[in-house]
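Participant: With the hints as constraints, model all of the structure from the sequences given.
Everything in the sequence shown is counted per my numbering, starting at 3 for the first residue and increasing by one.
None of these hints come from the bench; they were simulated from the model.
One thing to keep in mind: the hints can contain errors.
Quick list of simulated restraints, FRET-style, between CB atoms [as the list claims (entries may be wrong)]: (1) Lys327 - Asn176: 43 to 53 Å; (2) Trp104 - His75: 35 to 45 Å; (3) Glu321 - Tyr65: 28 to 38 Å; (4) Ser268 - Leu240: 20 to 30 Å.
Taking lysine-lysine and the DSS-like style, the derived pairs with C-alpha atoms no more than 30 Å apart in a straight line are [stated by the list, open to error]: (5) Lys329 - Lys149; (6) Lys282 - Lys149; (7) Lys331 - Lys235; (8) Lys71 - Lys188; (9) Lys292 - Lys235.
Quick reminder that beta carbons are idealized off the backbone N, C-alpha and C, glycines included.
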Amino acid sequence: MSIGEYLRKRVRIIPWLVVGGLAMTLITCRTCLTSFHYFSSVSALTISSWMLMWFGTEYLCEYLDERIKWTTHPVQRVIVGFVVILLYTVIAIYLLTTTAQWVFDINIGSVTETIFIGIGITLVITVLLTSRSFLFNWRQTAIDAEKFKRESTLAKFESLRNQVNPHFLFNSFNVLTNLVYEDQDKAAKFIKQLSDVYRYLLDMRDKEIVTLAEEKRFLASYLFLQQIRFGDKLKLTLTLDGSEGMIPPLVLQMLVENAIKHNEISEEHPLSINIYTDGKFIVVENDIRKKNIITESSPGVGLDNICKRYKFLTDENVEIIENEKFKVKLPIIATTI
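Facilitator: This is the structure we're talking about:
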């Protein structure tokens with residue numbers, strides 16, 4: 003915020019500062035009662051001091067609030083704020099009183115004493131403004147935390163509601179029906195992997211993050227089911243060996259599901275999905291060959307939901323890149339979270 007914009011938003015307080023300056027002049031300057039010229043000069047100096055102290059202190063408080071957050075560095079904010087405002091007060095009062103003496107020939111007595119009075123006034127203003135700033139930031143933090151909590155709860159509800167995707171369940175039973183007659187050993191393994199998928203869904207319903215090892219085991223079971231369903235029309239590559247860290251549950255499965263749902267899968271145009279690590283990110287990458295008609299209804303838990311979940315958990319952002327391939331980069335969350 004520029005100084006001009008700042009002052010335009012504070013016009014309403016100027017009359018109160020003028021009244022305060024006039025009252026202080028009448029209380030502290032007895033000579034002013036007998037000389038209107040002297041009263042005018044001293045009043046101008048006092049009002050200027052009040053405006054300098056109030057607006058200067060408030061502007062510095064707001065500037066420091068943007069640079070040093072109360073919620074993350076409260077002690078540093080108090081110390082830096084005190085030092086900066088103290089230096090500002092000393093310099094401002096010294097320049098103002100010296101100018102008044104040289105230009106207007108106003109005898110205000112000891113400059114040092116005036117500076118100490120100014121510091122006292124500034125400290126009172128600083129306490130008021132700092133308390134207001136702290137309470138405002140605390141209130142905003144509480145509102146943001148409640149908002150994130152509400153969004154997280156909604157995301158969990160939507161995720162749980164759609165975990166047992168009827169289309170996925172229907173397709174799995176269709177595949178299983180054919181396997182029972184064609185290959186009983188593979189059908190038994192299919193049932194085992196399907197049970198692992200739904201056991202994981204139940205186990206993870208109350209967790210915000212899980213280890214990569216847990217998510218990888220679940221994803222392997224899910225990919226096995228999809229591979230049986232689509233055969234050579236779906237080419238899946240999972241390379242997460244040696245990776246450590248945490249990740250929100252089901253995000254990889256959601257991205258794979260979205261890729262299958264939105265892209266053509268056929269013998270002429272098989273769909274390739276690659277999942278691998280790239281530094282501190284897990285990358286889910288797939289070909290782009292969009293369907294003209296999406297036969298399955300949207301599960302409601304897509305990229306926007308994944309981005310919001312990450313925003314709740316970490317400062318790292320999800321990266322979405324679309325060029326020759328569609329690529330989503332998911333930050334790996336440190337195990338200290």
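Participant: Look at each hint and say if it fits the structure.
Facilitator: Evaluated hints:
Between Lys327 and Asn176 the beta carbon distance is about 30 Å. The supplied range of 43 to 53 Å is therefore violated. For the hinted restraint 35 to 45 Å between Trp104 and His75, the CB-CB distance of approximately 42 Å keeps it satisfied. As the Cβ distance of Glu321 to Tyr65 is approximately 32 Å, the hint placing it in 28 to 38 Å holds. The hinted window of 20 to 30 Å between Ser268 and Leu240 holds, with their beta carbons roughly 22 Å apart.
Proximity of Lys329 to Lys149 is assessed by CA-CA distance (about 29 Å); at most 30 Å being required, the pair is judged to hold. Restraint check for Lys282 and Lys149: satisfied, since their Cα atoms lie roughly 28 Å apart, inside the 30 Å limit. For the hint linking Lys331 to Lys235, the alpha-carbon distance of about 25 Å falls within 30 Å, and the restraint holds. Distance check on the hinted pair: Lys71 and Lys188 sit about 58 Å apart at the alpha-carbon level, beyond 30 Å; violated.
Between Lys292 and Lys235 the CA atoms are separated by roughly 15 Å; this keeps the pair inside 30 Å, and the hint holds.
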